[in-house]
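Protein chains: 2
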Amino acid sequence: MNDPVSRLIFELSKLPGIGEKTATRLAYFILKQDPDYARSLAEAIQGAKSRIGLCEECFTFTAVHPCSICSDTSRDQSLVCVVERPSDVLSIEQAGVHRGLYHVLHGALSPLDGVGPEELKIRELFQRLSTKLTGIREVIIATNPSVEGEATALYLSRLLKPTGIRVTQLAHGLPVGGQLEYTDRQTLGKAMMNRIEVTTA
Amino acid sequence: MNDPVSRLIFELSKLPGIGEKTATRLAYFILKQDPDYARSLAEAIQGAKSRIGLCEECFTFTAVHPCSICSDTSRDQSLVCVVERPSDVLSIEQAGVHRGLYHVLHGALSPLDGVGPEELKIRELFQRLSTKLTGIREVIIATNPSVEGEATALYLSRLLKPTGIRVTQLAHGLPVGGQLEYTDRQTLGKAMMNRIEVTTA
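If you read the protein sequences in the order shown, they are chains A and B. For the record, in the first sequence the residue sitting at position 152 is 151 according to numbering that gives the first Met the number 0, with numbers rising by one throughout. For the record, in the second sequence the residue sitting at position 58 is 57 according to numbering that gives the first Met the number 0, with numbers rising by one throughout.
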């Protein structure tokens, strides 16, 4: 690993979805560019990692404390959307479908992988719910539609029930632009079960 | 672009084959890891770029001069394999099918993109051929089987003809493990044209 090219390929291949072949292609691309690109890419990597921490309120990644979402008073403070990862916050923000706050669990329950409630930011969620001055009206659980995500949603909704706060979950159904033919049976079942009335004007 | 995460995503998305979505996934992965990973990835990028230059003999990427292949006296000095890019050297080395030297052109002729013979290391190839103490016996042209690669191969072979050096080119044919059904017509045509006698022991 003394060879700088092999070392670069090795480090790049640790990235998710990047095998040795892709890492090699990326490494040669970097070598082909101006030295400026290598410098600014390296700085961006280190800069992001050293300047980004977790928001003390919602636990998403942020460079300012509290994060720009938590400190935005124009957002609906009575609505909290619970997600698994910081990248989920970005996805929902980009969709522009939520004007409330977030709470990042940093994972989902997965007993086989040793991830229990203590490993997630669940205690912090309840602290937030109890100490928040303005009351929380609704918790929207937006965990992934996976086994772990669903288990986490169920666990949270049971814990939240005694608080009397409204608990909702993202709907399952057909993906927009998708085709019925290529939709798996479970999704189709959920879409059928959650069918809605067609309203004609 | 003041936000360190956006800047990281922006820099990563300049990599080939990495769109904004993948760049976002990679950025969040980097943020999730130990600071050690960000540091060693950043160092590998800068280290490779600052320590790697072109071999003055064959023009491949190298940290030592001349490169490990050019300085390896056990290799066949009378055989030169001409390739388009430094990554092609790696591919052929990994296949272990060439025990001679290399010459990297750094591209292929592409008049529409403004790449003429002057932009490639063609002059340097002829300097090498004429100044080399031990005679070059054969030049193997291993440019890509693309329009530009083929044009470059043709151009080089015409230039080389008067030198009397043997000029060969990699064979076209069916990919090993491939299926006839999925092979394009041109490849199939070349495979048929270059068919070889079956020898039975």
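Read the hints as simulated data drawn from the structure, not as lab findings. Each hint should be verified, as a subset may be incorrect.
Same chains, same label: a pair holds when it works inside one copy or across any pair of copies.
Claimed, not checked - Listed next, the in silico DSS-like pairs over lysine-lysine satisfying Cα-Cα at most 25 angstroms (straight line):
#1 K131 - K160
#2 K20 - K31
#3 K31 - K13
#4 K20 - K160
#5 K160 - K120
#6 K13 - K131
#7 K31 - K120
#8 K31 - K160
#9 K31 - K189
#10 K120 - K131
#11 K20 - K189
Since the model is a prediction, treat every value here as computed from it, not as a measurement.
Structure-based check of each hint:
1. For the homomeric pair K131 and K160, the shortest alpha-carbon distance inside one copy (18 angstroms) is at most 25 angstroms, but the shortest distance between copies (83 angstroms) is not.
2. Proximity of K20 and K31 under a CA criterion of 25 angstroms is satisfied in both settings, with 17 angstroms inside one chain copy and 24 angstroms between copies.
3. For the identical chains of this complex, K31 and K13 are neighbours both inside a copy (21 angstroms) and across copies (13 angstroms), given an alpha-carbon limit of 25 angstroms.
4. Taking the closest pair of Cα atoms, K20 and K160 never come within 25 angstroms of each other, the shortest separation being 50 angstroms inside a single copy and 36 angstroms across copies.
5. In this homomeric assembly, K160 and K120 come within 25 angstroms of each other (Cα to Cα) only inside a single copy, at 18 angstroms, whereas the closest approach across copies is 72 angstroms.
6. Taking the closest pair of Cα atoms, K13 and K131 never come within 25 angstroms of each other, the shortest separation being 40 angstroms inside a single copy and 42 angstroms across copies.
7. For the identical chains of this complex, K31 and K120 are inter-copy neighbours only, at 15 angstroms across copies versus 44 angstroms inside a copy, given an alpha-carbon limit of 25 angstroms.
8. Taking the shortest alpha-carbon separations for K31 and K160, neither the intra-copy value of 58 angstroms nor the inter-copy value of 32 angstroms comes in at or below 25 angstroms.
9. For a Cα distance limit of 25 angstroms, the shortest separation of K31 from K189 qualifies neither inside one copy, at 50 angstroms, nor across copies, at 33 angstroms.
10. For a Cα distance limit of 25 angstroms, the shortest separation of K120 from K131 inside one copy, 16 angstroms, qualifies, whereas the shortest one across copies, 68 angstroms, does not.
11. Neither within a single protomer nor between protomers do K20 and K189 lie at most 25 angstroms apart by alpha-carbon distance, with minima of 40 angstroms and 28 angstroms respectively.
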